[in-house]
Amino acid sequence: MSTAILIGQPAPGSTLEGDLRSLGFDVRIATDAAGVGSLLDVIPADERVAVVDARFVGHVHALRLGLTDPRFDASAVPGAVSVRPPARPELALAVRRAAEGMARGGAVAAGPVADTVAAALEDDGVAVHRPELGSLVATVPADPQAGNEARQAVAAVDEEAIRLRSAVKSRDGFFTTFCISPYSRYIARWCARRGLTPNQVTTASLLTALIAAGCAATGTRGGFVAAGVLLLFSFVLDCTDGQLARYSLQYSTLGAWLDATFDRAKEYAYYAGLALGAARGGDDVWALALGAMVLQTCRHVVDFSFNEANHDATANTSPTAALSDKLDSVGWTVWLRRMIVLPIGERWAMIAVLTAVTTPRITFYVLLIGCAMAATYTTAGRVLRSLTRKAQRTDRAAQALADLADSGPLAQASARALKSAARLLPPPVYAFAGGVAVVTVSALTEFGGPWPVIAALVYCVTSGIAVSRPLKAALDWLVPPFFRVAEYGTILVLAANSGVNGALPAAFGLVAAVAYHHYDTVYRIRGDAGAPPHWLVRAIGGHEGRVLVVTVVAALLNNTDFTVALTALAVAVALVVLVESIRFWVTAHGRGAPAVHDEGEPA
Numbered sequence: 001m002s003t004a005i006l007i008g009q010p011a012p013g014s015t016l017e018g019d020l021r022s023l024g025f026d027v028r029i030a031t032d033a034a035g036v037g038s039l040l041d042v043i044p045a046d047e048r049v050a051v052v053d054a055r056f057v058g059h060v061h062a063l064r065l066g067l068t069d070p071r072f073d074a075s076a077v078p079g080a081v082s083v084r085p086p087a088r089p090e091l092a093l094a095v096r097r098a099a100e101g102m103a104r105g106g107a108v109a110a111g112p113v114a115d116t117v118a119a120a121l122e123d124d125g126v127a128v129h130r131p132e133l134g135s136l137v138a139t140v141p142a143d144p145q146a147g148n149e150a151r152q153a154v155a156a157v158d159e160e161a162i163r164l165r166s167a168v169k170s171r172d173g174f175f176t177t178f179c180i181s182p183y184s185r186y187i188a189r190w191c192a193r194r195g196l197t198p199n200q201v202t203t204a205s206l207l208t209a210l211i212a213a214g215c216a217a218t219g220t221r222g223g224f225v226a227a228g229v230l231l232l233f234s235f236v237l238d239c240t241d242g243q244l245a246r247y248s249l250q251y252s253t254l255g256a257w258l259d260a261t262f263d264r265a266k267e268y269a270y271y272a273g274l275a276l277g278a279a280r281g282g283d284d285v286w287a288l289a290l291g292a293m294v295l296q297t298c299r300h301v302v303d304f305s306f307n308e309a310n311h312d313a314t315a316n317t318s319p320t321a322a323l324s325d326k327l328d329s330v331g332w333t334v335w336l337r338r339m340i341v342l343p344i345g346e347r348w349a350m351i352a353v354l355t356a357v358t359t360p361r362i363t364f365y366v367l368l369i370g371c372a373m374a375a376t377y378t379t380a381g382r383v384l385r386s387l388t389r390k391a392q393r394t395d396r397a398a399q400a401l402a403d404l405a406d407s408g409p410l411a412q413a414s415a416r417a418l419k420s421a422a423r424l425l426p427p428p429v430y431a432f433a434g435g436v437a438v439v440t441v442s443a444l445t446e447f448g449g450p451w452p453v454i455a456a457l458v459y460c461v462t463s464g465i466a467v468s469r470p471l472k473a474a475l476d477w478l479v480p481p482f483f484r485v486a487e488y489g490t491i492l493v494l495a496a497n498s499g500v501n502g503a504l505p506a507a508f509g510l511v512a513a514v515a516y517h518h519y520d521t522v523y524r525i526r527g528d529a530g531a532p533p534h535w536l537v538r539a540i541g542g543h544e545g546r547v548l549v550v551t552v553v554a555a556l557l558n559n560t561d562f563t564v565a566l567t568a569l570a571v572a573v574a575l576v577v578l579v580e581s582i583r584f585w586v587t588a589h590g591r592g593a594p595a596v597h598d599e600g601e602p603a
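By the working numbering, the letter at position 283 of the sequence shown is numbered 283, and the numbering carries on one by one without gaps.
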């Protein structure tokens with residue numbers, strides 16, 4: 001429930017009170033700032049409160065942007081201010097000071113009380129969000145003539161067109177911008193008018209993608225065509241849920257997590273469906289499906305690590321970044337560069353078309369080549385930026401990289417014992433050398449031999465040295481991606497070398513479970529919720545512990561039992577991380593954690 005306090009009586013014919021009620025506010029009237037303070041004392045502390053000048057003239061959507069956005073503890077537009085429960089004490093103090101100022105200055109304050117309160121909140125250190133209104137009107141007229149001019153300005157603007165336009169992300173890919181958003185925004189409005197929530201649309205997108213995966217698993221041409229069509233429709237819904245959230249400002253902590261998590265679940269489930277469909281036709285492409293998932297996940301880890309290492313860095317300048325910004329000022333280069341990285345829209349469109357007209361093997365070949373080229377382009381650019389950038393990275397960035405590393409007890413013990421060795425070589429060198437050793441040895445030696453176990457022990461030592469000191473150097477953001485490649489790659493090559501049916505699907509399940517844990521870590525950090533608890537990382541062994549377990553199991557068990565062990569490990573990891581993750585996000589949503597929303601299109 002939310003309450004809006006109107007200061008004064010609205011002018012005859014004003015729709016302000018009705019507009020506020022349409023936005024979900026219970027409206028109360030106060031004569032002045034002192035009256036606002038008295039009402040605040042009786043309004044429950046767990047409610048959002050808005051303070052609005054009764055003389056306000058403007059668009060309803062301007063009020064919606066300024067008063068209802070759940071991502072901010074305080075927000076304001078001219079003539080109106082709103083706070084969530086965490087900022088209620090500061091609001092009471094600001095209102096009290098405004099009332100005292102009115103008492104000293106006479107019966108009328110110098111300006112609108114709501115604006116005075118918003119300024120007082122900022123003086124007290126509260127971050128007050130002031131949305132960009134563009135051509136939307138929000139004002140408190142000083143006299144009748146100004147009021148008439150403001151109402152004419154309101155009538156001259158197509159508010160709904162602006163609302164629809166702002167529902168679309170500002171930085172979508174080419175395919176999404178020109179092939180999906182022109183009509184998906186109207187689907188979002190249709191959903192809003194029928195009371196549907198973004199989470200419901202997100203769930204519908206997931207179900208559609210799972211049905212598409214099931215169609216692909218039939219292995220028939222009709223099934224592949226249906227799968228491609230349904231995958232595209234799933235993406236339309238995937239765009240719609242975010243546009244619905246922006247259109248109606250229905251952001252939430254749980255919704256952001258579901259949107260990000262379901263995107264990965266949809267894509268990787270579709271890979272599995274393609275592999276099952278190919279198997280029905282006598283073609284085993286599980287290694288390609290697992291390789292595609294590994295490559296795509298590692299691309300995301302590169303993105304996450306680089307962004308976390310640099311988003312709050314100081315003195316953050318780079319000639320490479322300056323050149324990139326210059327290229328973005330030229331229209332055609334913007335779209336070309338967005339397409340080169342093969343974002344989700346382009347990638348899913350490519351997968352859908354190839355599924356419908358070719359075979360799963362060809363689909364995976366093209367996908368792997370495209371993602372490899374995109375990964376090379378983005379990673380090379382970020383390495384170049386890091387080498388040319390003069391930046392001082394913060395303790396928070398170093399902690400984020402340490403959390404993304406996902407180090408378990410063995411790496412932590414190695415870090416404590418061999419901390420002095422970290423001075424010899426940069427951390428990425430240790431991470432890279434250990435990862436190359438374990439993947440190469442596992443790939444080139446006979447399955448069941450002891451050498452992968454020895455290489456895994458070396459990897460435990462080098463991975464510990466890599467994180468023994470704060471990761472603040474220019475290229476230290478490469479440490480988590482190197483760890484991901486090492487772990488996923490080791491599981492892939494050992495399953496492939498086992499040579500038995502079922503090993504690669506079991507490995508696919510294990511990597512999917514571990515990747516979910518790594519994505520969940522990213523989403524918690526992005527939401528300022530901290531990394532997963534230490535007990536969870538210890539319970540699933542950390543990346544180095546899992547690598548050692550898989551190599552030991554491969555050495556001790558025969559090929560068939562190795563498949564069973566991989567399956568059991570996948571189920572165990574999935575159960576532990578899913579239960580804890582769901583508990584965390586549902587609890588965070590229930591306690592009213594600030595809503596988050598990602599405006600970028602994931603790669």
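Certain hints may be false.
[To be verified] Here are the computed lysine to aspartate or glutamate pairs in the EDC-like style, where the Cα-Cα straight-line distance is at most 20 Å:
#  : residue 1 : residue 2
1  : 419       : 395
2  : 169       : 132
3  : 169       : 159
4  : 472       : 403
5  : 472       : 561
6  : 169       : 69
7  : 472       : 267
8  : 472       : 312
9  : 169       : 149
10 : 390       : 312
Rather than coming from a laboratory, the hints here were simulated on the basis of the structure.
Tested hints:
1. 419 with 395: 19 Å, holds
2. 169 with 132: With Cα atoms ~14 Å apart, residue 169 and residue 132 stay inside 20 Å; holds.
3. 169 with 159: 18 Å, holds
4. 472 with 403: 14 Å, holds
5. 472 with 561: It is violated: about 43 Å lies between the C-alpha atoms, which goes past 20 Å.
6. 169 with 69: Holds: residue 169 and residue 69 sit about 16 Å apart, inside 20 Å.
7. 472 with 267: Roughly 33 Å between the alpha carbons, so the hint for residue 472 and residue 267 is violated.
8. 472 with 312: 12 Å, holds
9. 169 with 149: Not OK: residue 169 and residue 149 at ~32 Å, beyond 20 Å, violated.
10. 390 with 312: 13 Å, holds
Checked against the numbered hints above, the structure breaks hints 5, 7, 9 and satisfies the rest.
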